[in-house]
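Residue numbers (this note's numbering), protein chains in the order written: chain A, 1348 to 1552; chain B, 1348 to 1552.
FYI, nobody ran anything at the bench for these hints, they're computed from the structure. A hint or two may mislead.
Heads up, the list lumps identical chains together, so a pair's fine if it works in one copy or across two of them.
Heads up, simulated BS3-like pairs for lysine-lysine below, C-alpha to C-alpha not over 27 Å straight-line [as the list claims (entries may be wrong)]:
#1 Lys1439 / Lys1539
#2 Lys1374 / Lys1469
#3 Lys1374 / Lys1439
#4 Lys1439 / Lys1469
#5 Lys1469 / Lys1397
All figures in this text were calculated on a predicted structure; none of them were measured in a lab.
2 protein chains.
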Amino acid sequence: MATARVNPPRRGRPGYDLESLLAVAVKVFNERGYEATSMEDLSRGLGITKSAIYYHVASKDELLRLAVARALDGLFEAADEAGAMEGRAIDKLEHLVRRSVHVLVDRLPFVTLLLRVRGNTKVERQALARRREFDHLVSELVRQAEAEGDVRPDVDPAVASRLVFGLVNSLIEWYRPRGGMGADALAEAVCKIAFDGLRQDATGT
Amino acid sequence: MATARVNPPRRGRPGYDLESLLAVAVKVFNERGYEATSMEDLSRGLGITKSAIYYHVASKDELLRLAVARALDGLFEAADEAGAMEGRAIDKLEHLVRRSVHVLVDRLPFVTLLLRVRGNTKVERQALARRREFDHLVSELVRQAEAEGDVRPDVDPAVASRLVFGLVNSLIEWYRPRGGMGADALAEAVCKIAFDGLRQDATGT
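Kindly produce the complete structure, drawing on both the sequences and the hints.
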């Protein structure tokens, strides 16, 4: 979040700091769609004036940029961590999948917003470009793991990486942290299915 | 599509029949969101008057009902087919996954619309109820396959079925029939990853 303005709130100004403003904005964006949401809607939803919002951010676009950065930064930190590991690509890949599930759980509304971005504005197109960059890192890892003989050679690495991250990303559709399983158990289940499949090994066909 | 009106178009009325009206409406719903689309928007998008639309359907809701039925009917036909098979639950499940990928490919815009339904109207809530019914059929198959010893016992059947169908459903985010791989190859790749995992068996850990 290097680019967030972190000015302390002015004395006497009640209500939101940037962090809670962002949390509420992302919630509204996810409910109504980013495009369908106006600064007017946000101001009503937050119960504060538009100028109180503009005190923190220059535009709706900036809210979006900060929100998707929260998701993307988490995913790229996970990728950096995986990339810095010693050893086989398959283990890096599994680490990346596991960490990505944690990012998704910890930053669920932000990742949800990121995954729904369509590309109608510059900020959205930049987010899509960073997503493609991330996808590229993943498919490179799959390719490398296949070259090392650890990934099945009968599925194209680009397709395999889309399927595995499709599985991870589909969590936003049903996973809810409250009352649901914990992040560790969820990440474990995702890795089991993605890497070893649903089928019991003994009966593998 | 038992409930679609199949009146032949009136003589002299140019333009859309119900089928092509539905195809265009679903495209517009997917682009703008169902709620954000008015009959006015559809009329402009189609280049026909609202009364020409009302000749075919009573309301925007009816368009949605017909569209999501197209997706749901396909999925339930696949489930019926799987249910009618002789043999082990794991094979029924694999058949269902494979056929569902075909439904998704053949009816991509309809399935995309179905998967984005939120539940704000009666038609949407009915669609969600049928989706839950489908999910229940899937998790029952997983449960049965686990009881037969064919599914790994260390992932909860409800979670496993969500993950496997999350993988299937995530195809709407990236798969495009034109220029992409064929439906058979896609279904094969999905089944390989979902049932046997990305990892090469020999190195299974």
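* Indicate which option fits the pair Lys1439, Lys1539 if close means a Cα-Cα distance not exceeding 27 Å: within, between, both or neither. => Both: 15 Å inside a copy, 21 Å across copies.
* Between copies, within a copy, both or neither: which fits Lys1469 and Lys1397 at Cα up to 27 Å? -> Answer is within: at 23 Å inside a copy they meet the 27 Å cutoff, but 35 Å across does not.
* To do: Tell me, please, which holds for Lys1439 and Lys1469 at an alpha-carbon limit of 27 Å: within, between, both or neither?
  => neither (32 Å within a copy, 46 Å between copies)
* 27 Å Cα cut-off: does Lys1374 pair with Lys1439 within a copy, between copies, both or neither? -> Answer is neither: 33 Å inside a copy and 40 Å across each miss the 27 Å cutoff.
* Alpha-carbon proximity context of Lys1374 and Lys1469, limit 27 Å -> So Lys1374 and Lys1469 pass the 27 Å test inside a copy (21 Å) and across (24 Å) alike.
Checked against the numbered hints given earlier, this structure breaks hints 3 and 4; the rest are met.
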